[in-house]
Amino acid sequence: MATSTRPTTRPQSELTQRGGGVLADRAFALVSLGTGLLVLVILAMILITTTSQALPALREAGLGLIVGDSWGANDPDGNGPATPQFGALAMIYGTGVVSVIALLFAVPVSIGIALFLTEIAHRRVRGPVTMVIDLLAALPSVVFGLWGILVVGPAVVKVYNWIFDLVGDVPVLGSVFGQPASTGRSFMTAGLILAIMITPIITSLTREVFSTVPESEKHAALALGATRWEMIKGAVFPHSFGGVVGAVMLGLGRAMGETIAVALTIGAAIQITPNVFASGEALPAVIVRQWGESSGTHRSALIGLGVVLFAITIAVNLLARLIVRRAEIRMKGATA
Amino acid sequence: MTTATPPAPATAVRPDLRRSALPARRRLADRVSTVLIVLALAVAVIPLGLIVYYVVARGGPVMSLEFLTADIQNSPRRSGGGMGPAIVGTFLITGAAALMAIPLGVLGAIYLNEYGKQRPLARLIRTMADVMTGVPSIVMGLFVYVTWVVTVKEQTGFAAALALACLMLPVVIRSTEEILRLVPDELRQASLALGARRWRTTLTVVLPAAIPGITSGALLAIARAAGETAPIIVTAGIVNTTNWNLFAGGNTALPAQIYNSASSVFATAQDRAWGAALTLVVIVLVFTLVARLISNRFAVRKR
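Keeping their order, the protein sequence lines are chains C and Z.
The numbers in our numbering rise by one with no breaks, and the one at position 212 of the first sequence is 212.
The numbers in our numbering rise by one with no breaks, and the one at position 45 of the second sequence is 45.
No wet-lab data here; the hints were simulated from the structure.
We treat Cβ as the ideally placed atom computed from N, Cα and C, and that holds for glycine.
Keep in mind that a hint or two might mislead.
Here chain Z is said to cover these stretches of chain C; the calculated rule only asks that three of the stretch's residues, wherever they fall, bring their Cβ under 8 angstroms from a Cβ of chain Z [as the list claims (entries may be wrong)]:
hint	segment
1	64 to 71
2	164 to 178
3	248 to 261
To spell it out: a stretch of chain C is covered by chain Z in this simulated footprint if at least three of its residues, at any positions, have a beta carbon under 8 angstroms from a beta carbon of chain Z; those stretches are [said to hold, decoys possible]:
hint	segment
4	145 to 157
5	307 to 314
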């Protein structure tokens, strides 16, 4: 604070008198502190209010809400469970499978693009490429979902069938790449769409990490006679491992929380199967799909799924931030 | 690189430094890696091109003035109808969300950068704002449902705006803080030295200097929020006619309409989904591009 003492003999400047007293200053500081605290309040309220609304379902299903593998609000065909059952294991499994598939595709591609931008591309190419990646990030997820369900799904069924014919009889591969769903809406399709959606975020974070690699280390590697690839392997990767892991974790958090694109492309079949070409269901997708027709305990159970999803994504995000911060500190130590 | 080598004695055997002297295996690995890296770029660009192509090719024929203004068709089977209510809803809901989230977000950023700085509380808020950007939009929708919709017992456009505001808030805070950090300290010191109080310095010196950057960040947040679907479906309810009132009656938005029509088996509904997608993409891209333009301008001035 600039509270300079000035000689009392001089006439007081008008500025200090008109500029509001200490009170205005204090009030402004308090208001801005209040809005800062709003973030903490909202996060705490999300946890408290949603959990309390999920209690009825939790009371009914107990821990079965998380570990039970049977989900049915009512008994449409008469051969299901007599009472409503709320077990989310199949959805948790679906979310996991879809996220893993998405990461398997998105991580190598993102690292590739990041390397292209930092190590290969001419400065003039960088701008347009970054622009394209940003545009990919700007497209709404529902547009990805629309494209996935109406264009990609029907198109990839042929590829799925081809792979199934190829490896269907091989013991392990045959069960992973099993009989495809006829609509193409499956774990695999949802995972592919998700991969496209999380590529921009992993790319931009990875690129930032790569750009912190000291030029001197890269030049040293090249001067020792390394090819560009050996330089990347020897200087870029070891230096940025932690940061890349953090970026991947953030991508994972995004993938697990993505709702609409997955809801449209995964196919709405609540089942646990190793077959990635089969239809499935994911945590956020089932909430949005069944929300309109739910009431009472069913709705409460859906909110409970939201709590589970919230807990998982918060944990993944915190872990990711921690890893990124660790990596940042280490990198700063290296450059200093 | 290694051009400044001192002249070697003539007797020494000079190593062959040409690229062709590398073992074939190393040269191949280098070549293959380069090809793979460029391929990765193509793998990401092709879907973007395809999506844009399909949205324009399938949505274009549907587009007309009637499509943009007419009420939503009740039956998915029949053709005709438009997206008027959804377009109005998108602008109303996103606008209300922006009105709530942007001032609060900027104030929060002012706390973080001007008052909190590196104090433990400010650090906690910063981390939690980052975490909050990772909260799935569906969870935000559920949160507003259990706190607001359950209390007022009605699904309204305002509830959806609240959910979108919660999603935008951390984004605005973090992007604004980044910009405020770029405002040179000399400006603050000069203002304080002239006798201005801290709040006056912040409002009349720091904020005006950062306005282009803040605007760009806010526009990006708006673009992101306009495309959100899940919170709208959970909180806004269903309506097929234009509802200008955010506080009474259900509302709808383009993303929710796309979701509803996309899962329909009827070609007429699917056509409307493509048309709505084209409209939404245009809206989102306009916001994104304007944000980019502003931030590019700002970057130039920042040198």
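Are at least 3 residues of the segment 145 to 157 of chain C within less than 8 angstroms of chain Z when you compare beta carbons? holds (count 6)
Within 8 angstroms of chain Z's CB atoms, at least three CB atoms from the segment 307 to 314 of chain C: coverage verdict: holds (count 4)
Under 8 angstroms between beta-carbons, do enough residues of the segment 248 to 261 of chain C, three at least, approach chain Z for the coverage claim to hold? Holds: 8 residues of the segment 248 to 261 of chain C have a Cβ under 8 angstroms from chain Z.
Is the listed coverage of the segment 164 to 178 of chain C by chain Z valid when you require three or more residues with a beta carbon under 8 angstroms from a beta carbon of that chain? Violated, because only 0 residues of the segment 164 to 178 of chain C bring their Cβ atoms closer than 8 angstroms to Cβ atoms of chain Z.
Taking 8 angstroms as the C-beta cutoff, is the stated coverage of the segment 64 to 71 of chain C by chain Z satisfied by three or more residues? violated (count 0)
Violated hints for the displayed structure, listed by number in ascending order: 1 and 2.
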